[in-house]
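Undergrad: For reference, the chains in residue letters:
Protein chains: 4
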Amino acid sequence: MDAPIGTPGAQKRPRHPRSARAHNAVLTATSALMREDGIPAITIDRIAGRSGVSTATIYKHWPCKAAIIAEAFGRDTAMAVELPDTGRPIDDLVTYAADLLTYYTSSEGALFGQLLAACATEPQAAPYFHEFFLTPRRTALEPCWERAAEAGLTRPGVDAATATDVLMGPLVFRLLSGHGSLAHDEGRKLVEYALHGLLTPAPQP
Amino acid sequence: MDAPIGTPGAQKRPRHPRSARAHNAVLTATSALMREDGIPAITIDRIAGRSGVSTATIYKHWPCKAAIIAEAFGRDTAMAVELPDTGRPIDDLVTYAADLLTYYTSSEGALFGQLLAACATEPQAAPYFHEFFLTPRRTALEPCWERAAEAGLTRPGVDAATATDVLMGPLVFRLLSGHGSLAHDEGRKLVEYALHGLLTPAPQP
Amino acid sequence: MDAPIGTPGAQKRPRHPRSARAHNAVLTATSALMREDGIPAITIDRIAGRSGVSTATIYKHWPCKAAIIAEAFGRDTAMAVELPDTGRPIDDLVTYAADLLTYYTSSEGALFGQLLAACATEPQAAPYFHEFFLTPRRTALEPCWERAAEAGLTRPGVDAATATDVLMGPLVFRLLSGHGSLAHDEGRKLVEYALHGLLTPAPQP
Amino acid sequence: MDAPIGTPGAQKRPRHPRSARAHNAVLTATSALMREDGIPAITIDRIAGRSGVSTATIYKHWPCKAAIIAEAFGRDTAMAVELPDTGRPIDDLVTYAADLLTYYTSSEGALFGQLLAACATEPQAAPYFHEFFLTPRRTALEPCWERAAEAGLTRPGVDAATATDVLMGPLVFRLLSGHGSLAHDEGRKLVEYALHGLLTPAPQP
DNA sequence: TCATAAGCGAGACGGTACGTCTCGTCTTGGG
DNA sequence: CCCAAGACGAGACGTACCGTCTCGCTTATGA
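Protein sequence lines, in the order shown, are assigned to chains R, G, U and F.
First residue of the first sequence? That's 1 in full-length UniProt numbering, and the numbers climb one at a time after it.
First residue of the second sequence? That's 1 in full-length UniProt numbering, and the numbers climb one at a time after it.
First residue of the third sequence? That's 1 in full-length UniProt numbering, and the numbers climb one at a time after it.
First residue of the fourth sequence? That's 1 in full-length UniProt numbering, and the numbers climb one at a time after it.
To be clear, the hints were calculated from the coordinates, so they are not data collected in a lab.
Hints may be right or wrong, so weigh each one.
[Said to hold, decoys possible] Below, a list of computed lysine-lysine pairs in the DSSO-like style, where the Cα atoms sit at most 27 Å apart:
| no. | chain 1 | residue 1 | chain 2 | residue 2 |
| --- | --- | --- | --- | --- |
| 1 | G | 189 | R | 189 |
| 2 | F | 189 | U | 65 |
| 3 | U | 60 | R | 65 |
| 4 | G | 60 | F | 65 |
| 5 | R | 65 | G | 65 |
Please build the complete structure, drawing on both the sequences and the hints.
TA: Here it is, written out as structure tokens:
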């Protein structure tokens, strides 16, 4: 789906509701470019060329490059890190933390870092980053975190948003600065200490 | 100090050790520009114009713009966040963490975020960021951390580098993503939980 | 005419056929710069500034600086040296040769020399030099030369192209090398001997 | 000979008369570069690197790049086109003209064109061009031309300098403009007509 | 014999033009 | 009415070359 518009054949009739088609084509092309060459190598012209959507139309849908990337990235990785629900909230959190670590170690994690950097550079993109990436993730964590809180396992006063930041922050920091590594025990320790700070004594992951 | 080279009068004799002079002039000009207009508004040509150093010479000293900024920023803020030594390591750490928070809340913190983002975008700048910013800070923390470790106050196995990342990570993440705030209790909680995860029970700051 | 694009007022409607407008504006600006400061002082940036056309657009129209100059120069001097048609081909040729000499002695001649040199240095410009300067001139000479040939006045086997080169060559050589002078009898003799070599006996101008 | 200065071993004693050694080394390096990559590709830095002479020293010996090239080229090709002396001046001239043509058709001829162009671009080089290239050639032609004049074979009033220009001019013009060709009959005709214009009737080459 | 002066290599430097790249706006003309 | 197509102004980028300058070493000469 979402083959570049302009390829002959295929859909001929439904021309006018182009808006949604163009929107989709742009996001698909952006995802592909992102994986092929990384975010810094993406330009509006390359997106336009790949998607068959003109630059003018692109600028009618998004305010800047990073906004497109944020939406494309958020759409693709919506379900990248699932939150299990085993009934044992602590186990779920530990699993989630481990999955997070795996995620950041992967090439997707690198993309995430580049995207976060882009959001810091282009403030107009921040809302997109929140809407399509951060908020979904935070929302996903919430029920699990509440279960844990009700079970008295979390430190009092720690909400899901704060927990997310304390968990992800160290990983993201290492990712961006490129110092130290996230591999093996290095990353695991970051997660372990963060989790330890968020929970009441004796989590023992 | 470090007025643009070329202003008549002043030093006439020591001409050849220009390398150091040019280097200094560039860093000084970059610091000024950084504070005046923010990192995104900095261009090599503006640095050249302000410093009196030609673009060609600048590129002989640094591989890219972000490298200059990293060095300039690191030089300026070398002493921004001091580590106290009261003999009570835990108090010192708590004070340090609070100072860190204040720092990130300030306009300097915003610069730091932009710089970190730039380093993720331009990999050639990362070594400069490490050498002139991260490493000095980590080195400064080390003695304090070792005192705390010897006193049995830190969780076993946590080195200074890891501690720095766990402490700073959440703040940096909020800074970059622009979500939530670092002001007031919001930021303090991030620091508190991170610190809690790094120390043995009963710090309760 | 061809005031820098961007001056308010004036043409508002026919915007898209900008290609022709930009092209024209560049040539006009180049002609002006050429006369004011000479060819070596021309830079792409100055052309861009004077014409209101951006450097990127300029490079979409021409491959290099010398190509622009060749076209601008050819356009301006299209009619610089007219070929008379008195019905007496030999007189016409002699007049033409004298006019050529006058032309090369003028400041336009100096420009011609610099342009020819530039074309030798930048091979990409040669086609422009031929198309906009040499070919028009050769084409203009042709009818006159044919009339002379039909009248049996030219040496057999000499075509218009060869004749042009034999006539102009010595002048151009002096112009470029800067040795000897083209003024007064010096130049006239070069033309006389060349013409003598091209015609059958007894022209004696 | 003229290996880059600085190679260990070799001449140790006669160090101070360095001027001549540096001068020579520069010319030799320039000749080599000229043949390898053509004149436009020559830069002062490349000459300095190849010759082992510093740029500062080079600028103490010559005012600009073209001056070096003119001297190097003139030194190498001093004897490129010899003037025969068979006692029959006309035959000598015809032979000379044919040799000239051969010369300009060769790669050396292309260099000559580039050099002439450089002289038009950088006026400071013109004296060097005259001293090391034009004057020697003109001087060489002179005795032969005088013999022909005494024999009553040349058109009256034509001196050797003028004759040289009329002969070489058309060839040089073709060479620089890159139009038409100097090969085969094309070039021969140029020489023939020029010679015809310089001599009294019946040269029949 | 030593001091002074000159010639040189090395290469950093200011200056400037280059040709390329990307952004975001604009206009056209076809469907 | 919407959109692809793509030209355009703006201006930063990183490179290249020029011609000048200073250093520090070596050499030749004069005291």
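Undergrad: Work down the list of hints and note, for each, if the structure agrees.
TA: For each hint, the structure was consulted:
1. G:189 - R:189: holds, 21 Å
2. F:189 - U:65: violated, 34 Å
3. U:60 - R:65: Given pair residue 60 (chain U), residue 65 (chain R) holds - Cα atoms ~25 Å apart, limit 27 Å.
4. G:60 - F:65: Between residue 60 (chain G) and residue 65 (chain F) the Cα gap is close to 25 Å, so the pair holds against 27 Å.
5. R:65 - G:65: The given pair, whose Cα atoms are some 21 Å apart, holds under the 27 Å limit.
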